[in-house]
Amino acid sequence: MKNLKSVSILFFASLLFIACSSDDENPEPVNEEEIITTVTVTLTPDDGGTPVTLVTRDLDGDGPNEPVITVSGNLNANTSYNGDIILLNETEDPAENITEEVLEEAEEHQFFYTIAGGLNASTEYSNYDSDDNPLGTKFILSAGDASSGTLTFTLRHEPKKPNDGTLGDAGGETDIEATFNVTVE
Amino acid sequence: MRTYALVILVLYSITAISQNCNNNLSGTVKDSHDNSPLVGATLIVAGTEQAVQTDLDGNYTITGLCNQEYSIQISHPECLTKGYTIKVSSATTKNFKLEHHLEELNQITIDGKVYKDKSKTLIQSGLSIEEIEKFSNGSLGDALNSLSGVSSLNTGNTVVKPLINGLHSSRVVIINNGVRMEDQEWGSEHAPNVDINSAGKLTLIKGAGALQYSGDAVGGVIISEAAKVPVKDSLYGKTLFSAASNGRGTTVSSQLTKSYQNGWFGTVQGTLKRFGDFETPDYILSNTGTSERNASINIGLNRFDYGIEGYYSIFKNEIGILRASHLGGAQDQINAINSREPSIIRDFTYNIDAPKQDVTHHLARLKAFKRFESIGKLSFQYDFQANHRLEYDIRRGDDKDKASLDLDLKTHTIMLDLESKLSNSLNLKSGILGRYQNNFADPNTGVRRLIPDYDKYEIGAYLIADYDLNDDWLLEIGGRFDYTYMDVFKFYRTSFWESRNYDQLFPEIVVEELGNQILTNPEYNFYNASGTVGTTYSFNEDYKLFFNYSLASRAPNPSELFSEGLHHSASRIELGDLRFNSEIGHKFSLTFQRENNVFSFSINPYINIINDFIVIEPTEIQQTIRGNFQVWEYRQTNAELLGVDIDASYSFAENFRFEHQFSLVKGYDRTNNTPLISIPAVNTKNGIVYQNPELNSLRLSLQSEYVFRQNEFPNTNFEVFIPETQTTEIVDVSTPPEAYHLLDFDSSIDFKLNNKSTLTVGLGIKNLFNTSYRNYLNRLRYYADDLGRNFLLNLKINY
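Going down the list, the sequences are from chains A and B. The first sequence stops at residue 185 when you use the numbering used here, and every number in between is there. The second sequence stops at residue 984 when you use the numbering used here, and every number in between is there.
When the alpha-carbon atoms are kept at most 27 Å apart in a straight line, the in silico BS3-like pairs for lysine-lysine are as follows:
hint, chain 1, residue 1, chain 2, residue 2
1, B, K587, A, K161
2, B, K272, B, K562
3, B, K272, B, K729
4, B, K585, A, K160
5, B, K386, B, K413
6, B, K215, B, K937
7, B, K443, B, K941
8, B, K319, B, K413
9, B, K386, B, K215
10, B, K585, A, K138
11, A, K160, B, K587
12, B, K585, A, K161
13, B, K417, B, K562
14, B, K729, B, K386
15, B, K272, B, K606
Read the hints as simulated data drawn from the structure, not as lab findings.
Based on the provided sequences and hints, a complete structural model is requested.
Put into structure tokens, the structure is as follows:
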């Protein structure tokens, strides 16, 4: 019994030792470094009119809030626009410009523009990666006759390059999928 | 403590021995490999020096024994001499088995069994060293998969998680060398961190009956033990080399043991495994290579009445995850599911890129025991585990080579156990345990923590008694209680915190508000009671009937409580619930068994009723800037699993044996009356084995495995709008794949190199017909087929 006693004393002593070894400092928060919260597409008309901006903003990332989508105005019929896409991470302060990372890794990225729902318009890439394959953070949008429909911007990470211009052929992983309701008048 | 002392005092007072010296001890001595009787084996009774020999049928009888324990030494010219301690009371029958392989030298144990029973009223199945060696190239999960009632939840073919009677992850407890594995087993893509080559024996208990280890094994317990070391002067070892065509990889594993007559021993063991991309019949599975490096050392002193042992092992595994399985939103998922082949197929390579896992597991154990005549065998154990898990995703920019998940889980456990023999027919096992666990999630990943930082404290105590009512009936009863305290620091997204109404429900746990995140400090107290009661009835020599009821109670794991965000490898958003309570399982299991040299079988029906069962299921679609994702939420419900496992073996001619296995399990959510997700389909294995001990132990086997289609599954499909085509498409994530049939060939032959060394050469072919198939329980089944034909070569030298 004496042995048992000493063993049990040892047991509880070590339990005590283990139980007292915690520290009470708060852990530091993690700000998502890679998340894209905001996509801003600026469409500047060739004829020098007011630019149209399409913005989608989702500050809680994959949290429960849905992205907030705003379209600043309608497009003019039969007008050509210079498109420019800016990607931001606004969870950081100041906001981080993700477009720069995409430009640095142009060979691994590509934007796709999908026009649907009766919108009369067409697009054309105006920037390319070092292999002369489309990148598409800059593009030209040519609005046709008055119409309305959707304009979707998809950014793929590590797509097949070159591809036939369709999302299906490109594959890869979707980093952005933003759809805007657009009217041409 | 007081109760514990009291229990010991009570036990102390029961011992009573009567003297009666007219007893006979009789039985047979057989070869443990083929059960053939051993003629002319000598049995010597220590103390009296009485010696007898077995007759032509392997029978022996020793007369004039008293009611007491005897040490008996059994020797045979072709076998290794072994010692047993036998308790004699009235006429006692004891059958012995001898081994003729050096590797299976075994230490003297008190029960006359090399490895002790873990539960006496739950049927145990297991794998011996020869069977384990066939899986040298694979993993623990692959080896266990060969047992009836066990399937596996796979992520590709290298992350293999055992599933027992339909349950997995935190519901399956793995005991590695006496230590409960704490290796982040909650994740369905986290495989057990155990080197299959370090196991000398694997035991499977399909239920929570093994209360000395845990009370929360709602599914079951898997026990891996190292080979026992003999108490004699000896130096021996083995080296295993295996090569496989699929994955173009090899495994080398070596083990060396030195033992002394005085009880000291030391074993070192190491494994190296390297595989490149695996292949289906039609294409390469890009980025599925694996690289594993393990080592262990065990040093100790083993005497009959006391012993001490130190053990340390390191397990390091780098596993590539199929490149094509890393996806963005629902649209990517549709593309992947609809295309017949993975979207990314590259040339074969040994390189492992992101996505990948890199896991290191350290395990250290210090154990000591002392046998007291008065109270029994008292053991003390301290163990420490450190599990470091890194997961790499496809990332952009500066973060490219940075892990997305970096978790460090440290666990300290101390245990005190007492095994007492109160009388010839009553055995008692009791023990207490204390455990401290700390999880640290490194914030430098730049990705929000998947599992929060926490401290966990556990205290447990158990008591198990088994009682031999008479020669035919055995009763077992046990109880266990565990108290768990968890102190957690968790960051919530403010939007999630509010959408769940947690701001109304738990304002008191908020520590700090930081813009779009909230730091909270949830604390938990879980009180878990578990128990088992069972009986075994032996009749007609060959037949046994087992009945067992076990109550298991499991505290929710950190992933079930705190998940909140996108799970890349599953392409879905997973949400836990911090309000969960413990899940309580009631399992009733019945086994009818016949053990015989010609025809053996066991039939094991069971039902497992689980209250507050934690399931994860899809609830809605969430729009994000990256597209649409399906949201999967954890929920508590009442579940019921029922099924039957059947094993049979029939020797229909000399050296020929037919083997059969059948497993069926059905799982239902009784609250919603829907089937449970990820329940294995009905499957059956049938094989013919030819084994000739006279012809260099030649063994040839052909095994067929038929897996039916799972017809009962919850419909978790969802619809998503595709802007490109302006259509709404169904994302079919629930329909199980078709049934499939695989044929495997396996062979081995022994060559004696010299007196001490044997070379065993094995050749095998898996998936003989190169069948293309997909398995319902493979998480990558949406993206790619399973493995094609695989040629295996195994070389083993025992020395």
